[in-house]
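Enquirer: The primary structure of each chain is shown beneath.
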Amino acid sequence: MARSERVLLGLVLGLLILVAGKASWIEAKAWVAQALIARAWERTLAEGGHHPPWPWADTWPVARLTDNNGKDLYILESASGQALAFGPGRMAATGGGWVVAGHRDTHFRFLEGLEKDDRLSLQKADGGWTRYRVAATKVADTRRDSLQPPEDPQALALVTCYPFDASAAGGPLRYVVRMEPVARAESVVSAETLSGRGYPGR
Amino acid sequence: MTIRLLATRPGAAPRNALPWALLCLAALLLSATAHALPRDTPEEPGSGVFLMFDDDGQEMPATLLSTDVDIRISGPVAQVTLVQSFQNEGALFSEGRYVFPLPEQAAVTGMTLTVGERRIVGEIQPKQEAKRRYQQAKRDGHRAGLVEQHHSNLFTTSVANIAPGERVEVTLHYSQTVDVQGNDFRLRVPMTLTPRYQPEGGENLSGPFHSPDSSAAPNMARLRVELDAGQSILPPDSGSHDLDVDGARGLYRIHPSDGLVAMDRDFLLHWRIANAGQSRGSLFVETVNGEHYALVMLTPPSQPSATRALPRETLFIIDTSGSMSGASIRQARASLLEALAHLRPGDRFNVIEFNSVHHALFEAPSPADEVHLQQARRFVAGLEASGGTEMLPALHTALTMPTDAEYLRQVMFITDGAVTNEDGIFSLIHRRLGSARLFTVGIGSSPNSHFMRKAAQFGRGTFTYIGNLQEVSKAMNDLFVKLENPVIRDVQLTLPPGVEAEVWPRRIPDLYASEPLLLTLKLNRVPEYLTLTGLTPAPWEQTLPLPEGRQHPGIARLWARNKIEALNDRLALGEPEEVIRPLLTDVALEHSLMSRYTSFVAIERTPSRPLDEPLIREDIANTLPDGLAWPATATGVDRLWRQAVVLALTGLLLILVFRRRRHRG
Chain A
0 MARSERVLLG
10 LVLGLLILVA
20 GKASWIEAKA
30 WVAQALIARA
40 WERTLAEGGH
50 HPPWPWADTW
60 PVARLTDNNG
70 KDLYILESAS
80 GQALAFGPGR
90 MAATGGGWVV
100 AGHRDTHFRF
110 LEGLEKDDRL
120 SLQKADGGWT
130 RYRVAATKVA
140 DTRRDSLQPP
150 EDPQALALVT
160 CYPFDASAAG
170 GPLRYVVRME
180 PVARAESVVS
190 AETLSGRGYP
200 GR
Chain B
0 MTIRLLATRP
10 GAAPRNALPW
20 ALLCLAALLL
30 SATAHALPRD
40 TPEEPGSGVF
50 LMFDDDGQEM
60 PATLLSTDVD
70 IRISGPVAQV
80 TLVQSFQNEG
90 ALFSEGRYVF
100 PLPEQAAVTG
110 MTLTVGERRI
120 VGEIQPKQEA
130 KRRYQQAKRD
140 GHRAGLVEQH
150 HSNLFTTSVA
160 NIAPGERVEV
170 TLHYSQTVDV
180 QGNDFRLRVP
190 MTLTPRYQPE
200 GGENLSGPFH
210 SPDSSAAPNM
220 ARLRVELDAG
230 QSILPPDSGS
240 HDLDVDGARG
250 LYRIHPSDGL
260 VAMDRDFLLH
270 WRIANAGQSR
280 GSLFVETVNG
290 EHYALVMLTP
300 PSQPSATRAL
310 PRETLFIIDT
320 SGSMSGASIR
330 QARASLLEAL
340 AHLRPGDRFN
350 VIEFNSVHHA
360 LFEAPSPADE
370 VHLQQARRFV
380 AGLEASGGTE
390 MLPALHTALT
400 MPTDAEYLRQ
410 VMFITDGAVT
420 NEDGIFSLIH
430 RRLGSARLFT
440 VGIGSSPNSH
450 FMRKAAQFGR
460 GTFTYIGNLQ
470 EVSKAMNDLF
480 VKLENPVIRD
490 VQLTLPPGVE
500 AEVWPRRIPD
510 LYASEPLLLT
520 LKLNRVPEYL
530 TLTGLTPAPW
540 EQTLPLPEGR
550 QHPGIARLWA
560 RNKIEALNDR
570 LALGEPEEVI
580 RPLLTDVALE
590 HSLMSRYTSF
600 VAIERTPSRP
610 LDEPLIREDI
620 ANTLPDGLAW
630 PATATGVDRL
640 WRQAVVLALT
650 GLLLILVFRR
660 RRHRG
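Order-wise, the sequence lines are chains A and B. For the first sequence, numbering that gives the first Met the number 0 assigns the number 0 to the initial residue and increments by one for each residue that follows. For the second sequence, numbering that gives the first Met the number 0 assigns the number 0 to the initial residue and increments by one for each residue that follows.
Among the hints, a few may not be true.
Label pairs and their calculated CB-CB ranges [unchecked claim]:
1. A:ASP71 x B:SER84: 41 to 47 Å
2. A:ASP71 x B:SER355: 41 to 47 Å
3. A:ALA1 x B:LEU651: 53 to 59 Å
4. A:GLU114 x B:LEU336: 46 to 52 Å
5. A:PRO54 x B:GLY249: 33 to 39 Å
Some chain B residues flagged as far from chain A (calculated, every beta-carbon gap over 12 Å) [what the hints assert, rightly or not]:
6. LEU153
7. MET219
8. ASP227
9. ARG311
10. GLU383
11. LEU543
12. THR649
No lab work stands behind these hints, which were simulated from the structure alone. Note that the structure is predicted; figures quoted are calculated from it, not measured. By construction, the Cβ of each residue, glycine as well, lies at the ideal position given by its N, Cα and C atoms.
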């Protein structure tokens, strides 16, 4: 093989290793970390308090989200980039319900499949479970819409990037899934809860 | 990048064209996926920051807005003209509402509404009366404007009955004093506001926020400054924006290099007296309607302290609430670490962090030895921002910690001040301060400096503002210079015989090194000189002669504003509203100043909206301060996998091509 050919092949191979390596690293962080966080969550339930999943972590699990197939996702405190790499993060709340952010191409990929009235369960640090149903889904534009926690402190908003299959990160759109506790939602079906106030309309 | 590098190599002969072409193709594919950004929403005309809803929550066409800020500085007083224009782009008559922050010491002195060619000058009215007239005009289809004060330094501008396609300009005039620290003068013009944490419910005045997405266009403002410093100064600069500065000595014309500035951070201007060491006292006078008003400005010189009377006990309180997340918490951590480095052996200290809950590093104040400092540094480095802002219990803990007469207690409070129960906190400081002193350090791109200045005033300390990470070291150093220098207490003003004055603030504060004293007086006649005395603890005296009679516009209003502020303080400390309201309304109406009881209202005489056409209302989004944002929620891992596949295929193709070539060769 000619020298130039070898250089060219080596180059392509090197790039391939680089790119595939980076992608694998992201996936590994996203899914291996969840296993470690699961252990921290067990400790949180047993002992209370904050348990970082590994000693140098600057975050800790605050809740467990389980879908109908029993698949668990552990929610971390803080929606900083460092925390989101390992799991969905609860955004700094200033009143109202929780806002949980996650990556659309790892943990929160499943939001794409959620439809109105689909159920999820959430376990908080006190061990108690709450059943939630999807009240509304919405695409928000970060250039115009504000991110506000749901007014109802019991409600939950899941936020991820949109569209789900966009090739590049950093787009302006967000997908917001608004969830309500099941018991309440079934007894009170008011116009307000259905229109999903708290998110500006588009 | 790779392509350019390889293609320019001389070895790339035509014989090798196919592999190169393949590589180019691969590169093209890679970059193509990079540019396939979602752009399925229509771009808003102009900035895209206006939110507008009708009664059903349906979005309506956006309104454009421009902002012009014109600042004229004369000595220690800045007079600002703020012009905002709104355009109703919808097909309906419309009402616009814009929440806007003004400097916490601002005195709003006028409002004008310009609709097309017509100017409607606003009148000062008692607040309820102004609101009633505005509502009446709105219903009757008159063009009307109302500027109201909410919550100390938050103002709202409402404009009703803007015809379809019509442009309306609201002009606000306000004056404020410049911050003086030794030879340094600083002016801060707020451009956006920090969303405030409200412990329980309450009216949400922050309005919708526009998010600082990188692709978003924030509200833009045009800004001009004319600076007449009254003495020779070094060319002014800004910690927030690049400036074009034109002028010399004491007279400058200044505007931001970019022309328009994004309204996502405050505008800062700083200048410095060229030849220090002169007398640092000055007196400015103004005569309005036969009444004389004067402003006394005095900066005590800073001298190195000869003896340290008492060892210090410093309690640091750091805000780790959600509003501090991002750049703010990093600044706060850096400030606190810097402060820890200033402690001396023999001092005692403690660190308290608070968000929804608070907790102290040590049970009681501990000696500033290496062991405890090491522990504190670790604690500080691990602080993260999340949760609410329950400031009161943290402050209560600090102010009620066991004290020791052997130590001089100083409380240093590091926060962005994003709270709403300010009065409760002021009252707590007032009641529990004792012999301690409270110093506030403001952090973030847009801290609530009204709150922090007031807290420091009630705490008989000072307020330090830190705009960015680079300023931390210098600002903390300056603060500690103040703490380590002797303080002038029991300051008294003496007037020549026969001169009587109403002085605001009534209780003259303690004087810290390089911290200026600003007193405003209303006088029965203009005196030749004034004398200030105090204790350091040695007796101290300074006489200020009156310069020859140049008039300084704005002094009378400054006096009135100080009086209003003193009345507000009494209200915050629990005096009944029935007592304060008439006093405050009188002075505000006389000096044509906006206050909590007075508003500006402007109403057109002839109706512009036919009464059968509906009025729709819109809220105009404030640009969100730097540091609060939608989360970034994509890793881009899909794209990486796609690139990997393209690269793998390219590799395979190359191998095939090379094989065939070898077989042929």
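Enquirer: Can you name, in rising order, the numbers of the hints this structure does not satisfy?
Expert: 1, 2, 3, 5, 10, 12
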